[in-house]
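Peer 1: As a plain string of letters, each chain reads:
There are 2 protein chains.
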Amino acid sequence: MAETEEFPHQDQDELLTHLREVQQLLSRHRLVEGLVHRQDMPRHDLVENLVHKQHLAELRNKLDSLHPADIAYLLEALPREDRLLVWDLVKADRDGEILLEVSDAVRESLIETMEPAELIAVAEQLDADELADLAPDLPQEVIDDLFRSLDGEEREQLRAAMSYAEGSVGALMDFDYVSVREDISLEVVLRYLRRFDELPDHTDQLFVVDREARLRGVLPLNVLLVNDPDVEVGDLMQTDALTLQASDSANHAATAFERYDLVSAPVTDGTDKLVGRVTVNAVLDHIREAAEAEQLAQAGLHEEEDIFASIWDSVKNRWRWLAINLITAFIASRVIGLFEDSIEKLVALAALMPIVAGIGGNSGNQTITMIVRAIALGQVGEDSERRLLHKEVGVAMLNGLIWGSLIGLLAWWLYKDVRLGAVMTAAMTLNLLVAATVGVVIPMTLRKLGRDPAMGASVMITAVTDSGGFFIFLGLATLFLL
Amino acid sequence: MAETEEFPHQDQDELLTHLREVQQLLSRHRLVEGLVHRQDMPRHDLVENLVHKQHLAELRNKLDSLHPADIAYLLEALPREDRLLVWDLVKADRDGEILLEVSDAVRESLIETMEPAELIAVAEQLDADELADLAPDLPQEVIDDLFRSLDGEEREQLRAAMSYAEGSVGALMDFDYVSVREDISLEVVLRYLRRFDELPDHTDQLFVVDREARLRGVLPLNVLLVNDPDVEVGDLMQTDALTLQASDSANHAATAFERYDLVSAPVTDGTDKLVGRVTVNAVLDHIREAAEAEQLAQAGLHEEEDIFASIWDSVKNRWRWLAINLITAFIASRVIGLFEDSIEKLVALAALMPIVAGIGGNSGNQTITMIVRAIALGQVGEDSERRLLHKEVGVAMLNGLIWGSLIGLLAWWLYKDVRLGAVMTAAMTLNLLVAATVGVVIPMTLRKLGRDPAMGASVMITAVTDSGGFFIFLGLATLFLL
Numbered sequence: 007m008a009e010t011e012e013f014p015h016q017d018q019d020e021l022l023t024h025l026r027e028v029q030q031l032l033s034r035h036r037l038v039e040g041l042v043h044r045q046d047m048p049r050h051d052l053v054e055n056l057v058h059k060q061h062l063a064e065l066r067n068k069l070d071s072l073h074p075a076d077i078a079y080l081l082e083a084l085p086r087e088d089r090l091l092v093w094d095l096v097k098a099d100r101d102g103e104i105l106l107e108v109s110d111a112v113r114e115s116l117i118e119t120m121e122p123a124e125l126i127a128v129a130e131q132l133d134a135d136e137l138a139d140l141a142p143d144l145p146q147e148v149i150d151d152l153f154r155s156l157d158g159e160e161r162e163q164l165r166a167a168m169s170y171a172e173g174s175v176g177a178l179m180d181f182d183y184v185s186v187r188e189d190i191s192l193e194v195v196l197r198y199l200r201r202f203d204e205l206p207d208h209t210d211q212l213f214v215v216d217r218e219a220r221l222r223g224v225l226p227l228n229v230l231l232v233n234d235p236d237v238e239v240g241d242l243m244q245t246d247a248l249t250l251q252a253s254d255s256a257n258h259a260a261t262a263f264e265r266y267d268l269v270s271a272p273v274t275d276g277t278d279k280l281v282g283r284v285t286v287n288a289v290l291d292h293i294r295e296a297a298e299a300e301q302l303a304q305a306g307l308h309e310e311e312d313i314f315a316s317i318w319d320s321v322k323n324r325w326r327w328l329a330i331n332l333i334t335a336f337i338a339s340r341v342i343g344l345f346e347d348s349i350e351k352l353v354a355l356a357a358l359m360p361i362v363a364g365i366g367g368n369s370g371n372q373t374i375t376m377i378v379r380a381i382a383l384g385q386v387g388e389d390s391e392r393r394l395l396h397k398e399v400g401v402a403m404l405n406g407l408i409w410g411s412l413i414g415l416l417a418w419w420l421y422k423d424v425r426l427g428a429v430m431t432a433a434m435t436l437n438l439l440v441a442a443t444v445g446v447v448i449p450m451t452l453r454k455l456g457r458d459p460a461m462g463a464s465v466m467i468t469a470v471t472d473s474g475g476f477f478i479f480l481g482l483a484t485l486f487l488l
Numbered sequence: 007m008a009e010t011e012e013f014p015h016q017d018q019d020e021l022l023t024h025l026r027e028v029q030q031l032l033s034r035h036r037l038v039e040g041l042v043h044r045q046d047m048p049r050h051d052l053v054e055n056l057v058h059k060q061h062l063a064e065l066r067n068k069l070d071s072l073h074p075a076d077i078a079y080l081l082e083a084l085p086r087e088d089r090l091l092v093w094d095l096v097k098a099d100r101d102g103e104i105l106l107e108v109s110d111a112v113r114e115s116l117i118e119t120m121e122p123a124e125l126i127a128v129a130e131q132l133d134a135d136e137l138a139d140l141a142p143d144l145p146q147e148v149i150d151d152l153f154r155s156l157d158g159e160e161r162e163q164l165r166a167a168m169s170y171a172e173g174s175v176g177a178l179m180d181f182d183y184v185s186v187r188e189d190i191s192l193e194v195v196l197r198y199l200r201r202f203d204e205l206p207d208h209t210d211q212l213f214v215v216d217r218e219a220r221l222r223g224v225l226p227l228n229v230l231l232v233n234d235p236d237v238e239v240g241d242l243m244q245t246d247a248l249t250l251q252a253s254d255s256a257n258h259a260a261t262a263f264e265r266y267d268l269v270s271a272p273v274t275d276g277t278d279k280l281v282g283r284v285t286v287n288a289v290l291d292h293i294r295e296a297a298e299a300e301q302l303a304q305a306g307l308h309e310e311e312d313i314f315a316s317i318w319d320s321v322k323n324r325w326r327w328l329a330i331n332l333i334t335a336f337i338a339s340r341v342i343g344l345f346e347d348s349i350e351k352l353v354a355l356a357a358l359m360p361i362v363a364g365i366g367g368n369s370g371n372q373t374i375t376m377i378v379r380a381i382a383l384g385q386v387g388e389d390s391e392r393r394l395l396h397k398e399v400g401v402a403m404l405n406g407l408i409w410g411s412l413i414g415l416l417a418w419w420l421y422k423d424v425r426l427g428a429v430m431t432a433a434m435t436l437n438l439l440v441a442a443t444v445g446v447v448i449p450m451t452l453r454k455l456g457r458d459p460a461m462g463a464s465v466m467i468t469a470v471t472d473s474g475g476f477f478i479f480l481g482l483a484t485l486f487l488l
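Protein sequences, first through last, are from chains U and G.
Numbered according to this note's numbering, the first sequence spans residues 7 to 488.
Numbered according to this note's numbering, the second sequence spans residues 7 to 488.
It should be emphasised that the hints constitute simulated quantities derived from the structure, not laboratory data.
Please read all numbers here as calculations on a predicted model, not as lab measurements.
Do not take every clue at face value.
One copy or two, either will do: identical chains are not told apart, so a pair holds if it fits within one copy or between any two.
What the hints assert, rightly or not - Subject to a maximum C-alpha distance of 25 angstroms in a straight line, what follows is the list of computed SDA-like cross-link-like pairs (lysine to any residue):
1. K59 <-> V186
2. K351 <-> G481
3. K322 <-> R392
4. K351 <-> W418
5. K454 <-> A296
6. K351 <-> L242
7. K351 <-> I337
8. K351 <-> S185
9. K351 <-> R340
Pulled out of the complex, with its shape left as it was, chain U reads as follows (with noise of 0.2 angstroms):
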């Protein structure tokens, strides 16, 4: 990571009075600009043209002054035009930092925006980690051109990195680390760091490695710094501190960081070979981003949405997940077509089969977040589906008849058919045990097959809960009251 230490640290308040005065520089520039266009006063006016240079030098000023990351943060809460021209305005040698900061669809935005030589210019500032994330996102053209000004080890550097597949520990690797020899004492270690300029960010251990560069073990800087300068590395050395693999799944880093509180871990290769670190903010951005994507998937948003994005881009956005939905509607609703003699006889049934079919699908989502949640923290093992089922099952009959009772009650106080309630209750109970079923049984199977236990795994239950909800109902109504 380019060394951004110089620029100032700021709290969320101060940082929304940056985003207020950005905002009214911007309209003060608007309102000049507007007047020149509208030639309400001579496009050449010499005064008018020397606020308006005034607004812009200010606007530059106050970016100049900012952390990248405080910028991305406004560029994100900014509209498109206004993006645009804070993005303008922005030095060209700090482009590239706030484009690894700001949001994939922000991101997008302004890469759009920019010309191939200036994509290069910006991609020559980058480490090679850095530049593999953002790589995706550039055109073609600019990663071919890329390629060629790199020398030779460069290149395999930035190969390597593009390499490592999503979701992987080399994807969040970097290849800042500081190692050393373990036979040289503490003094020496001192006086070698000393002729470093800076140390890379987040370095609170250094690494051992011999002389094909197999890593032995970790020295912290804190056992460096309260240790006598006399002794040797070898004897200080930590051995079973954890070494992450470049092809270990990306979660597994991140939930070892969180148990043992780790700053930054060594990563291998296959063998034993030192290759890179992972430090603990490329873990945070990663757990915060499998978060969101999971949250947002949920909602079935297939990617990060640009609040300001254009109402096109938004529909595409969305489109999928309406359309999966309108599928299982339309398969409930032909499920209660097949009873359109039932509820012609007995139009209470019409009224009363969506409580049947919510209450279903609630119960449902219920136990699928917590059985999904039990997998990712890895605490169902494949031999807990049978206990973990008669659990939710049980669940599901006390669900049934508690609520299906008291449901039932209304339902018979309302038609004056104590049938009717008596169905109603079946069909609850009958249907919360369909939703515990599939709710165990739909995630453990996503992840024997290999699958993300969460992914689609809501919208598969309500399909169930609905059409196995008005099934049951209307079956049970035809059966016993018509």
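Given chain U's structure and the hints, the job is docking chain G onto it.
Peer 2: Chain G in isolation, oriented as in the chain U frame:
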């Protein structure tokens, strides 16, 4: 945090192996117990007793070799009975650390089984900030005893730690920082640090304070290590690093840690006085917990649920949400009840109405998810409401025309009634417009009221789009078709 560095760090696969080994030892132990219990063999059979003891000894050895966080994982993944057996075998002096690591639900189940005297012994192993985390789960008598056993200064620290509201920076804070004066040389700092046995975890910077403990700046270890030992702290310290206030929101702290890739940050009280620090591991835990709480709340789970909880505990955890949904479903049912005459005349309405309600709910949930997220990221100003409404209404309009027309055509084809198709299209479009409007207004209003915009938003929108969808569709049908 008590020191845990001597325990090896394991990756997820190694951990699973440990889990399986523990499960095997437990089941062998149970087998022997079962035999003794069923009296198939004499209760004091020497050989069996030896085997029995040997299993437990093996289990205890295994546990002794594991990191407290890994034991916590094992406890969470084991059914209640096994969990308590393992808990008994864990060395008493590690109980405190382990209780800090386990999930709330499991912690409760463990604390329930412990005597007050044991709990006090556990509490005495912990630092004030750790104790404050545990306190809500401890019986009042233990807390009272504890306060009596502490000396004046410790008592004050604990009282302070317990006084911070959940969700504040104070609640994330610990007291394990290293502070130095600005008028000393790095040489002196290095000598000072060597007097420590070990620096606190996550010490990436020293805090520079004056005689009144007012924070003057920070000295990153990285800076300390690369500079000449003769330079003074004051010449190198950074004064614009992020400083948190104990009363700040923990979410603000989390945003700042992510934005600036921090490992630790000093915390001051209302004045400039240094009172503690926040570290990235506390922030990571906070982020994970907040994300989980939100996920659980969205499925209406009141709190984290131990997957091995009893059926009755699970029913209690889930009833609120089911009750609320039952009420909203009942209201929707009564809306349908208003139109029973219409349905009796045209039974197709019963089959088609859930489609209108369902797609409205899905679309509204997409809107609300996007807006809640944008609010959480600080991208939505108070003034953005109209702009967002504009966009969402546009999206709904377009979606209504696309999907409404499609489903209208389907209805026409199914029921050979073009007017029914037209009503379907109109109702769908209108309900999507309702969903979009309410999807923007609910979270924005919750925010203005100072409430969490995510909380309950999804229930509310589904309630509106269900009842609203039925009303719009059946109302239009009654007006134009009958």
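Peer 1: Confirm or reject each hint.
Peer 2: These are the hints, each one checked on the structure:
no., hint, verdict
1, K59 <-> V186, "neither (53 angstroms within a copy, 47 angstroms between copies)"
2, K351 <-> G481, "both (14 angstroms within a copy, 21 angstroms between copies)"
3, K322 <-> R392, "between (41 angstroms within a copy, 22 angstroms between copies)"
4, K351 <-> W418, "both (17 angstroms within a copy, 24 angstroms between copies)"
5, K454 <-> A296, "within (21 angstroms within a copy, 29 angstroms between copies)"
6, K351 <-> L242, "neither (84 angstroms within a copy, 86 angstroms between copies)"
7, K351 <-> I337, "both (23 angstroms within a copy, 23 angstroms between copies)"
8, K351 <-> S185, "neither (81 angstroms within a copy, 82 angstroms between copies)"
9, K351 <-> R340, "both (18 angstroms within a copy, 19 angstroms between copies)"
Checked against the numbered hints given earlier, the structure breaks hints 1, 6, 8 and satisfies all the rest.
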